[in-house]
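Asker: Each residue of the sequence shown is one higher than the one before, counting from 1 in the numbering used here.
No lab work stands behind these hints, which were simulated from the structure alone.
Just so you know, even glycine gets a beta-carbon here, dropped at the ideal spot from N, CA and C.
Please note that a few of the clues may not be correct.
Straight-line C-alpha distance at most 30 angstroms; calculated DSS-like pairs for lysine-lysine [what the hints assert, rightly or not]:
hint	residue 1	residue 2
1	Lys346	Lys368
2	Lys309	Lys289
3	Lys322	Lys252
4	Lys368	Lys139
5	Lys322	Lys368
6	Lys433	Lys252
7	Lys75	Lys176
8	Lys333	Lys368
9	Lys75	Lys118
10	Lys309	Lys357
11	Lys368	Lys176
12	Lys368	Lys138
13	Lys176	Lys309
14	Lys357	Lys333
15	Lys503	Lys433
16	Lys75	Lys252
17	Lys358	Lys346
18	Lys357	Lys368
19	Lys38	Lys58
20	Lys333	Lys346
Cβ-Cβ distance ranges computed for the label pairs, FRET-style [as the list claims (entries may be wrong)]:
hint	residue 1	residue 2	range
21	Ile34	Glu201	52 to 58 angstroms
22	Leu284	Phe478	21 to 27 angstroms
23	Gln238	Arg422	40 to 46 angstroms
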Amino acid sequence: MKSRCTYQLPVLERLVYIVCGVGSVLAICYHVLIASSKYQHRLNWHDLKSGWSFLTYKKDVSNFEWTFWYGYFWKTLPWHVGHVVLGRLLEGLNLTQYRQLFFLTFSLVSLTHLLGLKIILFYVFHSTIAFVSTIFHKKVMVWVICLTLLMTLNLDYFNSNLMFHVYSSQVNTGNKNYYLFVFCLALVILRYISFCLEKCEFKKPFNIYSFLDMLNYIFYLPLFFTGPVLSYDHFSQQMSRKPPLWTQTRIKMTLMGFSRVLFWAAFNEFIIHYLYFDAIHHRLDLLYKISLWTLVGIAYCQGQFFFTKYVVMYELPGELAKLDGMVTPVGPKCVSYVYRFSHMWKCFDCGFYYFLKKYIYIPVGGSKHGFVWQLIGSFLCFMFIYIWHGAEIYLLFWCLLNYLGCTIEVLGSWLVQTNICRQYLQKIGNDNKRRLNGLVSVPLYLMSAMGIFFFFGGSEVGEIFFRRLLIDISWSGFILFVFLLYCNIQNAMLIQDWQYRNKVKKL
1 MKSRCTYQLP VLERLVYIVC GVGSVLAICY HVLIASSKYQ HRLNWHDLKS
51 GWSFLTYKKD VSNFEWTFWY GYFWKTLPWH VGHVVLGRLL EGLNLTQYRQ
101 LFFLTFSLVS LTHLLGLKII LFYVFHSTIA FVSTIFHKKV MVWVICLTLL
151 MTLNLDYFNS NLMFHVYSSQ VNTGNKNYYL FVFCLALVIL RYISFCLEKC
201 EFKKPFNIYS FLDMLNYIFY LPLFFTGPVL SYDHFSQQMS RKPPLWTQTR
251 IKMTLMGFSR VLFWAAFNEF IIHYLYFDAI HHRLDLLYKI SLWTLVGIAY
301 CQGQFFFTKY VVMYELPGEL AKLDGMVTPV GPKCVSYVYR FSHMWKCFDC
351 GFYYFLKKYI YIPVGGSKHG FVWQLIGSFL CFMFIYIWHG AEIYLLFWCL
401 LNYLGCTIEV LGSWLVQTNI CRQYLQKIGN DNKRRLNGLV SVPLYLMSAM
451 GIFFFFGGSE VGEIFFRRLL IDISWSGFIL FVFLLYCNIQ NAMLIQDWQY
501 RNKVKKL
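Make a model of the complete structure from these sequences and hints.
Answerer: Next up, the structure:
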């Protein structure tokens, strides 16, 4: 059914949804706050560290991804500043036609200092194999070679031998060193897949889509560590043109962009001094013991923190790239008003979504070649996501749930176009259509949430959420749970309608 409607429910009904929805969110966050204080001494000792000196509370550092990148940013900061200064010097000296060469040289020097020569040579070795696969301009060959390289990340023999000799050559930082190596390599793989497929698409000779062009794209410093994913066609178009002039409007937008990133980074650091949702999430015994309100609050806070975390991780590199005149994919949208599988994939990681759509979904057939090919294309996209994220069992379950949810949405969109459904929807009126839209979205939202629980915490944590929220819960508790989900879905529709109307006004 349509997720965006041009009509509204009665004012009183909308008010009930807003009060119940917002009230439920405040309530579950309050329960997390109380649980954080109550169970502080039962949490893993290494999950809580001293934080800001002017706050009396300790900081939850158990979210590995945020803690790692927040700390690692300060190591990369001088090199990012150097990149920005270099870019402005090239603009001032009117040497922007040479900036790809200067950027590549500076990036390789910076990354060699930060990661080590062996790691950079390993990335170059990977990229060389992929580049050679384009000799015959066959996309199938590119996919076979690149997927083989990608799947080596999931082989125990590869991890325990070859990769050990590469990343252990640096300062011994345990899992952090390994994580950095693999995280960056996964992004490198996406980039050389994009480059090689673009090269095969237009059958350019080697001196047009050259190996140096590939390296400049892969090792572009602002986007190297965390993304976002920028396909090569967009990268090359923007890098080859002259950067825009520094007008007052551009300066204002730049300051606003960096201010937004700074705000969310500070907000993230502040909130984990009070809400220990990740630390509680790591204690299975507590997940069995805490109230359902707290359990739902843990899930909600993790989802919101995942969003705000990637706002910083995507938009900070994006703002740095904008200084070079680049336009990167927009950051993620707030997950509170995204309640459909398809919308979540479109709105959260726009760069990765474009990659999947351009290089997998559309070439297979997409929606223009019938329902069957649409399902096949979607399935292949989710299988690539599964392999790229690590090919673990819990990831497979997460991907299959997402695929099932997207398939149900496609079937629902087809169903409402049939004559029987059209006649029925005309009879029930616009208000009831909107209510029905929200009602049928509840089970899909639940399915999406269950998949995310597995994605965040693995099989054991996902099973706990599944049992407590769907199996062991009382009927009265389940009805209340579904009602509050329904209220929040209706609120999400209101927000999407408001955004749509604002967009139309601007046009």
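Asker: All hints, please: hold or fail.
Answerer: Hints, verified against the model:
1. Lys346 - Lys368: Roughly 18 angstroms between the alpha carbons, so the hint for lysine 346 and lysine 368 holds.
2. Lys309 - Lys289: Since the Cα atoms of lysine 309 and lysine 289 sit roughly 28 angstroms apart, the hinted pair holds (cutoff 30 angstroms).
3. Lys322 - Lys252: 13 angstroms, holds
4. Lys368 - Lys139: 21 angstroms, holds
5. Lys322 - Lys368: 35 angstroms, violated
6. Lys433 - Lys252: Judged against 30 angstroms, a Cα distance of about 44 angstroms means the pair is violated.
7. Lys75 - Lys176: 14 angstroms, holds
8. Lys333 - Lys368: Distance ~27 angstroms between lysine 333 and lysine 368 Cα, so the pair holds.
9. Lys75 - Lys118: Roughly 19 angstroms separates the two Cα atoms, so the pair holds.
10. Lys309 - Lys357: 24 angstroms, holds
11. Lys368 - Lys176: 44 angstroms, violated
12. Lys368 - Lys138: Given pair lysine 368, lysine 138 holds - Cα atoms ~23 angstroms apart, limit 30 angstroms.
13. Lys176 - Lys309: 18 angstroms, holds
14. Lys357 - Lys333: Status holds; Cα separation ~19 angstroms.
15. Lys503 - Lys433: This hinted pair holds, its Cα atoms lying about 24 angstroms apart.
16. Lys75 - Lys252: Holds: lysine 75 and lysine 252 sit about 27 angstroms apart, inside 30 angstroms.
17. Lys358 - Lys346: OK: lysine 358 and lysine 346 at ~13 angstroms, within 30 angstroms.
18. Lys357 - Lys368: 13 angstroms, holds
19. Lys38 - Lys58: 14 angstroms, holds
20. Lys333 - Lys346: The hint holds at about 9 angstroms.
21. Ile34 - Glu201: 52 to 58 angstroms: 56 angstroms, holds
22. Leu284 - Phe478: 21 to 27 angstroms: 23 angstroms, holds
23. Gln238 - Arg422: 40 to 46 angstroms: 45 angstroms Cβ-Cβ, so the 40 to 46 angstroms window holds.
In this structure, the earlier hints numbered 5, 6 and 11 are contradicted, and the remaining ones agree with it.
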